[in-house]
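2 protein chains.
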Amino acid sequence: MSNSVEALGSSVIVQVGLIVRDIEKTAKAYADLFGVDVPQWSLTDPEEKAHTRYRGQPTEARAKLAFFRLGSVSLELIEPVGGPSTWQEFLDTNGEGVHHIAFHIKGMDEQVALLAGKGMPLVQRGEYTGGRYAYIDGSAELKLILELLEND
Amino acid sequence: MSNSVEALGSSVIVQVGLIVRDIEKTAKAYADLFGVDVPQWSLTDPEEKAHTRYRGQPTEARAKLAFFRLGSVSLELIEPVGGPSTWQEFLDTNGEGVHHIAFHIKGMDEQVALLAGKGMPLVQRGEYTGGRYAYIDGSAELKLILELLEND
Chain A
1 MSNSVEALGS SVIVQVGLIV RDIEKTAKAY ADLFGVDVPQ WSLTDPEEKA HTRYRGQPTE
61 ARAKLAFFRL GSVSLELIEP VGGPSTWQEF LDTNGEGVHH IAFHIKGMDE QVALLAGKGM
121 PLVQRGEYTG GRYAYIDGSA ELKLILELLE ND
Chain B
1 MSNSVEALGS SVIVQVGLIV RDIEKTAKAY ADLFGVDVPQ WSLTDPEEKA HTRYRGQPTE
61 ARAKLAFFRL GSVSLELIEP VGGPSTWQEF LDTNGEGVHH IAFHIKGMDE QVALLAGKGM
121 PLVQRGEYTG GRYAYIDGSA ELKLILELLE ND
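In order, the protein sequences belong to chains A and B. When we follow the numbering used here, the leftmost residue of the first sequence carries the number 1, and every step to the right adds one. When we follow the numbering used here, the leftmost residue of the second sequence carries the number 1, and every step to the right adds one.
Just chain A, with the same shape it has in the complex:
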């Protein structure tokens, strides 16, 4: 097989995800750093709509999200809310800091299977309006978590 079917379908970082304890406070600090308005945070959809699965099980976990556009990359601030999730697990284990880098891909199931075959298991997945996401545990090989984003 060629590399094209053995490799991730993108090598363009579109997002850096940062876990924080207080999204309003940290969003204000970044707004001050860059001299821009403080973005409004939004809450991820509930499990009934997002079909959130953490380590294979449905979870009530949600997150407050706020975004800064920094060139071609978005900085995503994430405050975990209730229920077990990769976000809460990271905060409990590592404290605040960079949780993931994200890539837009096509063919979610194939990409998740490809990475699982490379020793990078799926940790969490869910849906948002117009697409779906998967967090992949690359901590052993890549030293970070990957997020795959597939928009319809």
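It is worth saying that the hints were derived from the structure and are not from the lab. Misleading hints may appear alongside valid ones.
Short, incomplete list of chain B residues facing chain A, as computed with Cβ under 8 Å [claimed, not checked]: (1) Glu-6; (2) Val-12; (3) Leu-18; (4) Tyr-30; (5) Ser-72; (6) Asn-94; (7) Glu-96; (8) Lys-118.
It should be emphasised that the depicted structure is a prediction, and the values quoted were computed from it without experimental measurement. Where a beta carbon is used, it is the ideal one built from N, C-alpha and C, also for glycine.
Add chain B to chain A, keeping to what the hints say.
Quick look at chain B alone, frame taken from chain A:
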């Protein structure tokens, strides 16, 4: 004063820096992930040339660096080598993971002073061929380290 003189001179992320224990092993994992060649690592310049200062003191610390071009952002793998540094401190405290996000700026001294005034002190600085860098401890406010890069 307007925001333009109170804010960082750039809001475009140019680099994500990842601290690793074994740069050859991790570079191979990323090359496999993206289906690209394994990049050669290079060693940062010695203190005599780079004028490396860590918490205000000269340090013999160096680092092995390897880069992946991921869209408009470079992923920088960093393996600390000998001597106290922000790289070694991060590895000792946090283990492997994302150490910094970097921005190209102009007017290094002014930008370092601006950030110090916002409660984000300089941690390490040094020079490379054609420019200079500074690591800023944004852990309290921003939950990560900033790297400022100024090319001549």
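These are the hints, each one checked on the structure:
no., hint, in the structure
1, Glu-6, "holds, 6 Å"
2, Val-12, "holds, 3 Å"
3, Leu-18, "holds, 6 Å"
4, Tyr-30, "holds, 6 Å"
5, Ser-72, "holds, 5 Å"
6, Asn-94, "holds, 7 Å"
7, Glu-96, "holds, 4 Å"
8, Lys-118, "holds, 7 Å"
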